[in-house]
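**Q** Residues per chain are reported as follows:
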Amino acid sequence: MSDQPIPPRPDYRPGSAQPRLNRPVRERYPQIRATSGYGDPRIRHTGPGPGAGTEQEPERSSKLNARLVLALTVVVGQLWALTVAVNEWMEGNTGTAWWGAGFLILSFLVVIGLWLLDPKDR
Amino acid sequence: MSVTEQPAPAPGPEPAGDEAAERLRDRISADSLTTRRDYLRIVATVSGGLAVGGVGVAAGILHRHGDSESMPEARKVTDALAPGESVAFRFPGDEDRALAVRLPDGTLVGYSAVCTHLACAVLWREDRGADGELYCPCHEGVFDARTGEVTAGPPPRPLPRIFLTEQPDGSVWAIATARSGEPAREALCRQLGDSHPEMTRQLGCPGAGRAAANQRGRT
Ligand code: FES
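Going line by line, the protein sequences match chains A and B. For what it's worth, the numbering used here labels the leading residue of the first sequence as 1, then goes sequentially. For what it's worth, the numbering used here labels the leading residue of the second sequence as 1, then goes sequentially.
Quick caveat, the hints were computed from the structure, so don't treat them as lab data. For clarity, every value in this text was computed on a predicted model and none was experimentally measured. Be a bit skeptical, because a hint or two may be false.
To be verified - Ranges between beta-carbon positions, derived for each pair:
1. B/G153 - A/E57: 48 to 54 Å
2. B/E69 - A/E57: 55 to 61 Å
3. A/G95 - B/P137: 34 to 40 Å
4. A/S62 - B/R41: 31 to 37 Å
5. A/T73 - B/A82: 53 to 59 Å
6. A/L79 - B/L203: 36 to 42 Å
7. B/E85 - A/G113: 58 to 64 Å
8. B/I42 - A/L106: 17 to 23 Å
9. B/V52 - A/E57: 48 to 54 Å
Where is the CB? At the ideal position from N, CA and C, for every residue including glycine.
Whole structure, please, built from the sequences with the hints as guidance.
**A** So this is what it looks like as structure tokens:
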């Protein structure tokens, strides 16, 4: 086994290579598949075996998670700032409301920055 | 990564290649289409929306209920108001719901009747509280009848005040307004502005010129 060269991997094709064995699923519940997630050729290394179905690139994934969590935190801060700005404006403190608007814009720039770190990552 | 960015899968060798490729695409698109990167994009869009909203609020897209920049025209509210009774009227504009109440001890108070929470109508309830209170039935908001401060419920700001006067014949007139939580003297100075210089002087407002600049800067 070890002296033989590894044969090239066949092209991935979901379902059976023989089309007649693939159930026609178009008619009913077209968005639901028993293999959802695993029928996707973009998933490169997963199961069977230990670690099947888990994250394959944890470093990249955790970076993306961190960006997402930071962005969500900033958005929560924005929601708070918006209520403060509305209250201040309603009480006639327009200057304070403008400070609130400035804070909201800065927060938006932070979120945009987090996104621009790597807009192509998935 | 969204499906549209994928290179089209190579058609299989079988004669029905196009159909197989089509089926593969269909299968891929059956997977979750919202990835974490998409979430980041959505969050960025929401954030931008909030920023635009904040600028809009500061620029004044929201209507400040029961407010007027300059001295509103005095308006007759009612011919007579007995203790414990209330009357609804419109002040300062025709759209601004307002409420005048004579408390059981004879004090005359007026407020904007637009709840500061979600703009429901505020009602005078004499049977509630020690000496009656202003009650918003929408979410059980309660305002102190004497000051307009929030005493219970979700409203975030006190009710804007309306200044009432009583004529010798018993008729009640609305003459001026104050914003939520604005001290009476500040409100009167702001509205009197430079149209009534002698009254501003009587009230001891900051100098007429400064008051006018103040008004421009604050609004
Ligand atoms: S609208 Fe008045 S309490 Fe919610």
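**Q** Mind listing which of the numbered hints don't hold for this structure, in increasing order?
**A** 4 and 9
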